[in-house]
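Could you build all of it, start to finish, from the sequences and the hints given here?
Line order of the protein sequences matches chains A, B, C and D. Going by the numbering used here, the letters in the first sequence line up with residues 1 to 283, in that order. Going by the numbering used here, the letters in the second sequence line up with residues 284 to 566, in that order. Going by the numbering used here, the letters in the third sequence line up with residues 567 to 849, in that order. Going by the numbering used here, the letters in the fourth sequence line up with residues 850 to 1132, in that order.
Note that these hints are calculated values from the structure, not bench results. The hints are all genuine.
Derived Cβ-Cβ restraints for the label pairs, each shown as a range: (1) E79/A x K379/B: 50 to 60 Å; (2) N524/B x P933/D: 22 to 32 Å; (3) T866/D x N524/B: 27 to 37 Å; (4) N682/C x N524/B: 28 to 38 Å; (5) N524/B x N639/C: 23 to 33 Å; (6) R633/C x D1075/D: 50 to 60 Å; (7) K379/B x N936/D: 20 to 30 Å; (8) A1031/D x R777/C: 55 to 65 Å; (9) E912/D x K206/A: 34 to 44 Å.
Here a beta-carbon is modelled for each residue, glycine too, at the ideal position from N, C-alpha and C.
Number of protein chains: 4
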Amino acid sequence: MPHQNPHVLQISCQDETGLVYQITKVLFEHGANILKNDEFVDAESKRFFMRTEFSCQDRKLDEPALRNALLSNLPKDAEVKLCPCQNKNIVVLATKEHHCLGDILIRYAYDELNANILAVISNHNTLQPLVAKFGIPFHYISHKNKTREEHEGAVVKALEIYDPEFLVLAKYMRILTPDFVAKYPNRIINIHHSFLPAFIGANPYKQAFDRGVKIIGATAHYVNNDLDEGPIIEQDVIDVNHRFSAKDMAKAGRDVEKIVLAKALKLVFEDRVFINGNKTAIF
Amino acid sequence: MPHQNPHVLQISCQDETGLVYQITKVLFEHGANILKNDEFVDAESKRFFMRTEFSCQDRKLDEPALRNALLSNLPKDAEVKLCPCQNKNIVVLATKEHHCLGDILIRYAYDELNANILAVISNHNTLQPLVAKFGIPFHYISHKNKTREEHEGAVVKALEIYDPEFLVLAKYMRILTPDFVAKYPNRIINIHHSFLPAFIGANPYKQAFDRGVKIIGATAHYVNNDLDEGPIIEQDVIDVNHRFSAKDMAKAGRDVEKIVLAKALKLVFEDRVFINGNKTAIF
Amino acid sequence: MPHQNPHVLQISCQDETGLVYQITKVLFEHGANILKNDEFVDAESKRFFMRTEFSCQDRKLDEPALRNALLSNLPKDAEVKLCPCQNKNIVVLATKEHHCLGDILIRYAYDELNANILAVISNHNTLQPLVAKFGIPFHYISHKNKTREEHEGAVVKALEIYDPEFLVLAKYMRILTPDFVAKYPNRIINIHHSFLPAFIGANPYKQAFDRGVKIIGATAHYVNNDLDEGPIIEQDVIDVNHRFSAKDMAKAGRDVEKIVLAKALKLVFEDRVFINGNKTAIF
Amino acid sequence: MPHQNPHVLQISCQDETGLVYQITKVLFEHGANILKNDEFVDAESKRFFMRTEFSCQDRKLDEPALRNALLSNLPKDAEVKLCPCQNKNIVVLATKEHHCLGDILIRYAYDELNANILAVISNHNTLQPLVAKFGIPFHYISHKNKTREEHEGAVVKALEIYDPEFLVLAKYMRILTPDFVAKYPNRIINIHHSFLPAFIGANPYKQAFDRGVKIIGATAHYVNNDLDEGPIIEQDVIDVNHRFSAKDMAKAGRDVEKIVLAKALKLVFEDRVFINGNKTAIF
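This is the structure in structure tokens:
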């Protein structure tokens, strides 16, 4: 029998003695059966993080009551997020490269993405035929003959149609303005084709080739105003050697990029990620 | 300021609603400040596991009182283990190979092992000079001209002097009898030079070479009566290719063996490992 | 400027002194410019393997003349394979799972597979819509109400239309008869969802779960008559832990399966793999 | 029977057609039996690299004659290095940390290092007891009350006694002057405790912690005048997560540091590494 009405509870607040006890007491009193529970205290900031998966087998969950009960038992700075376990609504932004988008589309087609892709937006029309195969709206919004602000304005207008919970940058090769980023705080996820913070910026594979590294990688992260500097969600690496040209590295890197992005999306869409300053805590 | 009087609490029992609440309530009432907390419910056996690191900042811990309070609030089958965070006492058994023993000795010399090595026992005297460098008693107990039982009897006699909490088999190339294993239930840790369950038994590198695998590994596990079949604690692998002879594989494997064993020992000696049937749950 | 008329030369023969000299002399005399060269001598069988990528910049290659010159300078048992660098023709066999097939199709759609997919054959019609998106013939050949021989007869009949150089088993969940395998010697590539030789046979993820391993993997191999026993081409692994159910392992394993299969196909289709008894030598 | 009189030949020169043929012809004529052979052409610089392991079974090798014959058949810029397969003479420099030095000492004690450790030099006396266990001269050369140049002068004076082929910096926490580095061109090997070029400079684990990376690493490289910028020999990584403090990362990093350094030393001491500008080609 599957768990009835499963939810994820995310709490963060200043640490103090007895928090787990207080929270689990409230959950117990509201008939919640804990399926999984994880806690973490940041030793520097003394901030407490707790993620709880629970089900309510006998009755429907009274979400506002639970939330109020929690807040009244927690420190004043507490942030409480309560989500039913269901797919997120997303829009994917891409440019010309197909590998991350293709991987996402296959997962979506078989309901393995924990998300509904509402649309794909691109500044090129290269990927239109791929997206069309999967019956998803494709918006070609060229950046040509537009200022950065004009182009982003057009993208925002398209996004407003869909009102997505998350934007996924699947090799979207445009730098975003602070204004754009500010519209979607902690809701934009990017895949960068290097093992950050190595090789920030353009052409990381060329940089890696020139440096002669023996390992290359990819990094999925939240986007904030500083290029390639947002909180890191997931990273992975592969071995390379002197026989790899910069182009060979880019080819080999595609597989690690797409897998790292997919893993990060799974973590985010299952509400497993806390943003803690410029870092993440992931359960 | 370091945490005062840190302890690890390990609880396992039949799962039921409210366990985390009940346990953290008792801890709260006994002045315990939870530093880290992890729970797990085995979906098949419906067994609950919880490991808690806590400190008691204001007063000395009344261990028996805490234990009794926990037991009276838990299901009848509950197992409660309460340990202060301190080094374990161990004896190492080895044969001729030096790499695992050498690695353990260096860690021990710099107090990185979470353990006190009371003695090293070997069925050869090859490693005596290495052990002597570190000022640890070395017992050479040859198996020659002895039955398996006679040899083990002599080993047990030596062990009785030291009364260790754990036996570490650091490439001890003798098969243990059920009687010997039964004397140290869940207290013997072995490193096997393959990625179990591949290549059980003798000469795993030769087996790996003959099979033409592209990856080899090592496995640290608890020893039970079935050869190479005890609960797995830690595994890791390295890449090999057609240029590796069986001997090259064995050489390359030494590094993964010693690191896997060291990681497993750290996990066990920090009381992070639960044995769950023939598996482990590790926090 | 790209290399003109690039070829791959694969030679294997009994080892003797001077082979590299003899072979490179012939290549030099035929105007071949060596781009990459790799040799290997199997220390057990004393067999020599050499793979050479070369171009002929000034003139067209006289393949028969080069082959004859090589054979007349090599030991009598020499096998010489000379292939232009071009896509292989393949047929993919699958059952119900989409992840390996989907990954192959995306690569094929962007000409990253080093192969032309002539058709997909399946014993279920589950994957027909996915294959249709990419405009590739799909043959649904059910095994229901057929003996194994009847079913394979129908598959062979379909294959004869396409005359592929390689068959790719992309999670094809049927055991092949020796007669079928014998029709395509060293031309069938399978992905097995375990780190072989661990967990041979059915339900490897369930086996892995039951054994409590900390690492799972996937293996791409040539198919011979013994189930899961053919020469291994590529393997990779991922970490798991006690929180993974058998189903979680299967889900997590999909990504490693598809990447391992893709890597193996690239190696085979670029003529990088020698079969050496039941092993491979890969350059 | 082991190979008689094994040698390693390293050749680098401008690429041209027929080099492998010319070189193997000379080797054949001098009675050399090729055991392993690897070539590489740098596509950017058009430079050719070849490493050959060979034996001379019937007669003693006439090294000068072979070298002359090679040079007269190769482009004028050719560099030819011919080494018998034997241990290198090295001096190890360290500061206070024991893990890399300890690992090297154990390998040395069992003749697994491909090197003779002539002495250990340190700017602290912390590691003296460890080195003394292995009967190796230990030079404590404090940097206190000395200018950088005075301190290095004292180190050079100690080094002159031993005339080592290579200097190994096993966590030697002193920045070297260009003059010092110039005395030992391509002969100083360092282990840096990060995945270069991420986290260049001081306290890389603190930097990694602050950035919130999910993977940390270590890099072994030749030392040139630019801090942490020399040609990379070997790198490896391990996973970390939000539960790791900077100190935990440093502890976990020790194992990857010592293994990466040991692998790099093996490659260098077996004459497998070519320096190609600021990169390496490794066979």
